[in-house]
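Chain by chain, the residues:
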Amino acid sequence: MKALSSNSTSFLSDADAVAAQIPDGAFLGLPPDYSMPSMAVVHALIRRKARNLKLLGVPVLGLSADLLIGAGCVAEVESSAVSLGEAGLAPRFTEAVEKNLLKVKDATCPAIHTALQATEKGVPFMPLRGVIGSDLVALRPDWKIIENPLKEKDPILLIPAIQPDIALFHARWADEAGNVWIGRRKELATIAHASRTCYVTYEEQRPGDMLEDELLAPGVLNSVYVSGVAQAKRGAWPLSVAGVYGIDDAHLSLYAKAAKTKQGFQRYLEEYVWNHTPEKNSSPAASRA
Amino acid sequence: MKALSSNSTSFLSDADAVAAQIPDGAFLGLPPDYSMPSMAVVHALIRRKARNLKLLGVPVLGLSADLLIGAGCVAEVESSAVSLGEAGLAPRFTEAVEKNLLKVKDATCPAIHTALQATEKGVPFMPLRGVIGSDLVALRPDWKIIENPLKEKDPILLIPAIQPDIALFHARWADEAGNVWIGRRKELATIAHASRTCYVTYEEQRPGDMLEDELLAPGVLNSVYVSGVAQAKRGAWPLSVAGVYGIDDAHLSLYAKAAKTKQGFQRYLEEYVWNHTPEKNSSPAASRA
Amino acid sequence: MEPYAREELLACCIARLIRDARHVAVGAASPIPATGVFLSKALNNKKLRISLLHKRQGNAFTEGSRELFDLAGQGRIDLFFLGGAQIDGEANINLVRAEGKRFPGSFGSAFMYFAAGRTILFREEHSKRVLAPKVDFISAPGWSPPGVERRGGPQALLTGKALFVWQKDKRRFRLESVHPGHTVREIREQTGFDYDVAPECAVTAAPSAEELRLMRNEVRTEILANYPEFAARVWPSS
Amino acid sequence: MEPYAREELLACCIARLIRDARHVAVGAASPIPATGVFLSKALNNKKLRISLLHKRQGNAFTEGSRELFDLAGQGRIDLFFLGGAQIDGEANINLVRAEGKRFPGSFGSAFMYFAAGRTILFREEHSKRVLAPKVDFISAPGWSPPGVERRGGPQALLTGKALFVWQKDKRRFRLESVHPGHTVREIREQTGFDYDVAPECAVTAAPSAEELRLMRNEVRTEILANYPEFAARVWPSS
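Residue numbers (the working numbering), protein chains in the order written: chain P, 1 to 289; chain E, 290 to 578; chain A, 579 to 816; chain L, 817 to 1054.
Bound conformation, chain P alone:
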């Protein structure tokens, strides 16, 4: 396991500047659609024609992965699932797998959390209950069933630590100290803790240091984990930032329909990624919380 960065946070100009920090072939830890993927950087990665990315879904993936896969940026996906949730299958992922164009390492949600928590704690593995008897085990030579060393006749699965090169996500706030407010989306902290570097886009900058505020601090990811931040207003669109804007369900349906064919997907990219106009974002109002 490589020693991880603890430098101070860089303030980058925008999502494209973040995408420039993500080299081809990087192993990216990404949150699910409900937990603030940085869609702004996903779009920027497509624009900079990133290639051979490896994606880790923590613990599942959706629109962010489907866009990157469809645009040819991805060589491999490790995830417990890739889907658009209520909007249905992830069409570009599904087609890429069915045509054997994408390497998939199938996992199960708690195995991914466990693997990242192992890196978070600096241990080479952690055990996980269940899973034994699932065909997932045979497909994962890195997973190993052992006899519990503390009890006789008790088989248990060991999951090795995973260390992404880069944690990438969006957040509501960054402050002047480089701290990031992730609120209740604590999987973002786990990804950041376990990754060698971490880039975050944010809605708004807050003055001062959120760690000085007892009410905000519980939702803060300390800047010690944050390599760089960049502002990206509505940077999770068409997904949501709790308390700021809701999921754009209509846009997700539009995407699910468009991306059913390669041509439809290209037209979607043309309109929403290549000819980038944030004004097109039409996120609904936030729920009141």
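Please note that the accuracy of each hint is not assured.
[Unchecked claim] Quick list of in silico lysine-lysine cross-link-like pairs, BS3-like style, CA-CA up to 30 angstroms:
| id | chain 1 | residue 1 | chain 2 | residue 2 |
| --- | --- | --- | --- | --- |
| 1 | A | 706 | P | 105 |
| 2 | P | 233 | P | 103 |
| 3 | P | 153 | A | 748 |
| 4 | A | 706 | A | 746 |
| 5 | E | 440 | P | 105 |
| 6 | E | 388 | E | 343 |
| 7 | P | 49 | P | 99 |
| 8 | P | 151 | E | 440 |
| 9 | P | 233 | A | 633 |
| 10 | A | 633 | P | 257 |
| 11 | P | 99 | P | 54 |
| 12 | A | 746 | P | 99 |
| 13 | L | 984 | E | 433 |
| 14 | P | 233 | P | 105 |
| 15 | P | 144 | A | 712 |
| 16 | A | 746 | P | 260 |
[Unchecked claim] Stretches of chain A that chain E covers, calculated by requiring three or more beta carbons in the stretch to come under 8 angstroms of a beta carbon on chain E:
| id | segment |
| --- | --- |
| 17 | 650-663 |
| 18 | 777-789 |
Honestly, the hints are just simulated from the structure, not real lab data.
Fair warning: this is a prediction, and the values are worked out from it, not measured in the lab.
Glycine is no exception: its CB is placed at the ideal position from the N, C-alpha and C atoms.
Starting from the known structure of chain P, arrange chains E, A and L on it as the hints suggest.
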């Protein structure tokens, strides 16, 4: 591992009502002095003459343990340390150990976190780096050094899961739904997750449900883990509740001096525990955070 | 008898299966199970704790997406729901791939099927394709050999046409009831695996007036916030 | 030369040992190490990140007390401080018991001594009792045999009378400097373990005017907030 409670939270009348829920012989998970021990319930346990408690320090203990030990409530302590911090040694703990009146299971901080996280995740053990070569290992027959099953010639320590009977601590707020706000003191969540039951005293009750508030939610322990709550104003005194009142350093010094002798300790109990008058609490103002 | 939607019948079946559960977690894209759970709470289980994994507002999980699995590992989830691209007669489920088709993936099934107190399998499509003799890929096994730690397993399998209960000792499903409009023979023809038939096997009871009233009022309100398309379709604003 | 307090000299010794560390964590009851770390930052290491474990306000840890250990496990802590009721010539430390006396306990030493990039051992009392031939109890070992994973270990041992550096290859301390008012011979007499003496062993350099100015101004402000008794004693309000 016993299945854990997920009933709804009871609202109890006061700290004494909480102490009545804690039977003699219970295995109590307690936070350190800097992380809101429920001193109100510690006092109530002394008043109700609790006996044979087993204390787990997560990961260390201080005034709360020293009081309970001095008052004869404790049969065993598992902790990484027991001390009064800047105020010096914990005098009742020290004397009890030196006179061989107390069973101590010595640990090291991350081993205790690891043991509780194992219970939190429902696994029977977790590995921990380091520690090999420490005399702690020989004294802990429950700890075991194995060869890393995923790599040759790599000895590593396994720590078995620990499940306290009762998590006990103080918090700033409880709400009408039984949720508790612990802020950045996340070890309190770990203790609660890993314990069979959890009792919390709080400073103030908040109306409604804090989970509905995006800004408060990140610091909330969900009521699913909370068996019972009771109001205890200044319930952490002479220790602190961040943002509400600071540590009463002068009182800690007074205690450290008084408790050096058994007689001095009894006089302290007489004044501050048996003749319980909350008005004696003289906590300094909160730091501004 | 009042007319009702197919979704309402299925939600009623689920509500009747909840019994004395104290804490039910409901995953993504599960509006019918969610409806059944809220109905159970409204009917006869006032203290039932319902944790919607993807609740859009006031989400109960403050430890992120790991908390559901930790809760289950702790034994604090009494009941969970799983589906399957395929489900077989040993209650194995497949969420990964079948007949050249790729599905989203196993999600947390390989863990939750073991760790939740019990699991209700739910899949609307009732066909030999879905209810297969043997799944092409085991995302999560329906049972485990002695010695493999496992807290829970399947309780029942609900489809759009019938309800089966799981017989743990026999490791076989038993047909419990057939939904109105379908027959025992039709079920046999459209099920790819073998199963027993309960001697008392009957027609699934239709939703009562009280069940319908609750679903169309307080339950609808809960569902609308999190499954807006579903709620709008099943209970269009009156 | 300006007069200075003993604590100021020791803090200067620590500041000089920090070198290029990017992240230093300081535990409880460590006002002199904390002073040294803030001095290093003020002097020549502006980007140094200092995490005070028990910072009373604006505490950097938002994952609770586990985060320090996780950070160290991740390799994000370059430098840590440990003390000892006893320390021996192999750099083993004892925080548990000696000569019938009980001390608080091992704290996180058994992990941090391995996981932090390097550790400065600090103990003011310099006596044969403390600097023992062999500790009565190893809370954390000074070195580990090949094959035992260990990121870091001791860098130096600072006492109230002298500074030793750790020679990893030889597994022995080397006396590097003796604080003003003490002699090389006195150190040998009052140290219970054997050690080498650096050929260039000299008197520990006194704090410079600049070091004193910084300690008495910006550093004092930082220390006052977290170690009020210490700050009031060493730097009484002028």
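To see whether the hints hold, each was checked on the structure:
A threshold of 30 angstroms between alpha carbons decides the hint, and for residue 706/A with residue 105/P the separation of about 29 angstroms falls inside it, so the pair holds. For a cut-off of 30 angstroms, the pair hint linking residue 233/P to residue 103/P is broken: about 33 angstroms separates their Cα positions. The straight-line distance between the Cα atoms of residue 153/P and residue 748/A is roughly 24 angstroms, inside the 30 angstroms bound, and the hint therefore holds. For the hint pairing residue 706/A with residue 746/A, the CA-to-CA distance comes to about 23 angstroms; that is within 30 angstroms, so the pair holds.
Of the pairs offered as hints, the one joining residue 440/E and residue 105/P holds, with about 21 angstroms between alpha carbons and a cut-off of 30 angstroms not exceeded. Annotation: proposed proximity of residue 388/E to residue 343/E holds, straight-line Cα distance about 18 angstroms (limit 30 angstroms). Proximity of residue 49/P to residue 99/P is assessed by CA-CA distance (about 22 angstroms); at most 30 angstroms being required, the pair is judged to hold. Our distance criterion of 30 angstroms between C-alpha atoms is met by residue 151/P and residue 440/E, whose separation comes to about 21 angstroms.
Between the alpha carbons of residue 233/P and residue 633/A the distance comes to roughly 24 angstroms, so the proposed pair stays at or under 30 angstroms and holds. The hinted pair formed by residue 633/A and residue 257/P meets the criterion: a straight-line CA distance of about 25 angstroms does not exceed 30 angstroms. Among the hinted pairs, residue 99/P with residue 54/P is consistent with the structure: their alpha-carbon atoms are about 18 angstroms apart, no more than 30 angstroms. About 39 angstroms separates the Cα atoms of residue 746/A and residue 99/P, which puts this hinted pair outside 30 angstroms; it is violated.
Proposed proximity of residue 984/L and residue 433/E is supported: the alpha carbons are some 28 angstroms apart, at most 30 angstroms. At roughly 33 angstroms between alpha-carbon atoms, residue 233/P and residue 105/P are farther apart than 30 angstroms, so this suggested pair is violated. At most 30 angstroms may separate the alpha-carbon atoms for a hinted pair to count; residue 144/P and residue 712/A meet this at roughly 25 angstroms. Under the criterion of a C-alpha separation no larger than 30 angstroms, the hint pairing residue 746/A with residue 260/P is inconsistent with the structure, at around 41 angstroms.
Here's how the segment 650-663 of chain A fares: 7 of its residues keep a CB closer than 8 angstroms to some CB of chain E, so the rule of at least three is met and the hint holds. For the segment 777-789 of chain A, the stated coverage by chain E is not satisfied: 0 residues place a CB nearer than 8 angstroms to a CB of that chain, which falls below the threshold of 3.
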